[in-house]
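*Asks:* The chain contents come next:
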Amino acid sequence: MVERQETPPPVQLGILSQILDLCRANSLWPMTFGLACCAIEMMAAGASRFDLDRFGAGVFRPSPRQSDVMIVAGTISKKMAPTIITLYHQMPAPKWVVAMGNCAISGGPFAYEGQYAIVNGADRFLPVDVYVPGCPPRPEALIQGLLELEDQLTKGAKRNYLRRFQRHANPDGKA
Amino acid sequence: MNQAEPLYELLRSSPAVLEAQGSQSARDGFDLRLAIRAKGMPELARLFKEHGCFLEFITAVDHGESLELIYVFSAWLRPFRVMARCPASLMEPSPSLVEVLAAADWQEREVFDMFGLEFAGHPDLKRILLPEDADFHPLRKDFKPGARHGGDWFEGETA
Ligand code: SF4
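Each protein sequence line maps, in turn, to chains A and B. Numbered by the working numbering, the letters in the first sequence go through residues 1 to 175 in order. Numbered by the working numbering, the letters in the second sequence go through residues 1 to 159 in order.
The hints are simulated quantities; they were obtained by calculation from the structure and are not laboratory data. Among the hints, erroneous ones may be present.
[Unchecked claim] In silico DMTMM-like pairs for lysine to aspartate or glutamate, Cα to Cα no more than 25 Å straight-line:
| no. | chain 1 | residue 1 | chain 2 | residue 2 |
| --- | --- | --- | --- | --- |
| 1 | A | 79 | B | 142 |
| 2 | A | 79 | B | 28 |
| 3 | A | 79 | B | 118 |
| 4 | B | 144 | A | 113 |
| 5 | B | 144 | B | 110 |
| 6 | A | 158 | A | 51 |
| 7 | A | 79 | A | 129 |
| 8 | B | 49 | B | 28 |
| 9 | A | 79 | B | 105 |
[To be verified] Using C-beta positions, here's what the derived DEER-type ranges look like:
| no. | chain 1 | residue 1 | chain 2 | residue 2 | range |
| --- | --- | --- | --- | --- | --- |
| 10 | A | 109 | B | 19 | 34 to 42 Å |
| 11 | A | 83 | B | 70 | 28 to 36 Å |
| 12 | B | 144 | A | 109 | 49 to 57 Å |
| 13 | A | 140 | B | 127 | 35 to 43 Å |
| 14 | A | 113 | B | 28 | 32 to 40 Å |
| 15 | A | 40 | B | 78 | 30 to 38 Å |
| 16 | B | 49 | A | 144 | 49 to 57 Å |
| 17 | A | 47 | B | 61 | 40 to 48 Å |
| 18 | B | 106 | A | 47 | 28 to 36 Å |
| 19 | B | 106 | A | 93 | 32 to 40 Å |
Virtual Cβ for every residue (Gly too), placed ideally from N, Cα, C.
For reference, chain A alone in the conformation it holds in the complex:
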């Protein structure tokens, strides 16, 4: 199990750290990284129709060194798992993990007794922040998962001032 790496900043910046969190939340850079069929939906979410760029999360980076979100989209085979751990270690902190699809949550259709090739879920070895269920989840579900992650980063939807959909932040509907 890889531990979450949380080193508190050497200097507490008060309100500035909240601004930094807001900036981080609205410029998530996911890693270009797909493991199975769920990755197709992730690509659809990034393409023009669903357009993850609207939420600042559309800059898929080809290198773990440049990304801060790992979207584990698909089936984790036992051969792939050590590589995923390496990729996770290569990402600079702060970093977050989204488990997309039933395979990455719990093994999905491959979790049965006596199977020999699949790891039952990303949270067996990575600290997962958001789970997006579905087989595969629709792109809207992934978008909701990423919005959820953004709200986690700003420690509450109310403080995510840049959030595009205000209804969730203000349930009474006043903008």
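Based on the hints, put chain B with the ligand in the right spot on chain A.
*Replies:* Quick look at chain B with the ligand alone, frame taken from chain A:
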């Protein structure tokens, strides 16, 4: 079976072929089924390659007492698809096709991974789909899932 097929006679007369049986490709997907000698495959592969065919895949079947290797070849430019079967053994490696057809490289590694069948002359015969230190061959009939199988455990978990 298309009688104008140039490979038909060549295959019939090849010493590597024990039995050639034409069949209806519309019904079962193959124009020709061959039973061949265990050592004859590289020679046949060369013949197929010279006559515009490519290797579709290699697989194997475990019949319990015996194992069988299956090679499927197709032609690029004409409707012609052949299945060739030959007996295989865990004791004695079958000849590798990599010298003749580079496409056989990963296919043979997969057969080795799943069935434990070895290929003599393969440049790099190691596991391709399962972790390299796996000690089982899952498509064999005698494979019993044990404690090391299941989704809770994987190599390098402590890394
Ligand atoms: S959850 Fe379903 S769609 Fe996603 S990778 Fe697994 S099998 Fe494929």
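*Asks:* Each hint should be assessed against the structure and marked as holding or not.
*Replies:* Verification of the hints:
Of the supplied pair hints, the one linking residue 79 (chain A) and residue 142 (chain B) holds, its CA atoms being roughly 23 Å apart against a limit of 25 Å. Between residue 79 (chain A) and residue 28 (chain B), the direct Cα distance comes to roughly 35 Å. Violation of the 25 Å bound is thereby established for this hinted pair. With a C-alpha separation of about 21 Å, the suggested pair residue 79 (chain A) and residue 118 (chain B) falls inside the 25 Å cut-off, and the hint holds. Only pairs whose Cα atoms come within 25 Å are accepted, and residue 144 (chain B) paired with residue 113 (chain A) is accepted, the gap being roughly 11 Å.
Restraint check for residue 144 (chain B) and residue 110 (chain B): the C-alpha separation of about 19 Å stays at or below 25 Å, so the hint holds. With a C-alpha separation of about 23 Å, the suggested pairing of residue 158 (chain A) with residue 51 (chain A) holds against the 25 Å cut-off. Taken as a hint, the residue 79 (chain A) and residue 129 (chain A) pair is honoured in the structure, with Cα atoms around 23 Å apart against an allowance of 25 Å. For a cut-off of 25 Å, the pair hint linking residue 49 (chain B) to residue 28 (chain B) stands: about 23 Å separates their Cα positions.
With a C-alpha separation of about 19 Å, the suggested pairing of residue 79 (chain A) with residue 105 (chain B) holds against the 25 Å cut-off. Checked against the hint of 34 to 42 Å, the pair residue 109 (chain A) and residue 19 (chain B) passes, with Cβ atoms roughly 41 Å apart. For the hinted restraint 28 to 36 Å between residue 83 (chain A) and residue 70 (chain B), the CB-CB distance of approximately 31 Å keeps it satisfied. Take residue 144 (chain B) and residue 109 (chain A): their Cβ atoms lie about 22 Å apart, and the range 49 to 57 Å is violated.
Judged by the Cβ atoms, the range 35 to 43 Å given for residue 140 (chain A) and residue 127 (chain B) holds: they are separated by roughly 39 Å. Separation of residue 113 (chain A) from residue 28 (chain B) is about 35 Å and conforms to the stated range, judged on CB atoms against 32 to 40 Å. The hinted window of 30 to 38 Å between residue 40 (chain A) and residue 78 (chain B) holds, with their beta carbons roughly 34 Å apart. Against the hinted window of 49 to 57 Å, the Cβ-Cβ separation of residue 49 (chain B) and residue 144 (chain A) comes to about 53 Å, which satisfies the hint.
The supplied range of 40 to 48 Å is met by residue 47 (chain A) and residue 61 (chain B), whose beta-carbon atoms lie about 42 Å from each other. Range check, residue 106 (chain B) to residue 47 (chain A): about 31 Å between beta-carbon atoms, so the 28 to 36 Å window is met. Distance hint check for residue 106 (chain B) and residue 93 (chain A): the Cβ-Cβ separation is about 37 Å, which falls inside the suggested range of 32 to 40 Å.
Violated hints, in rising order: 2, 12; the structure is consistent with all others.
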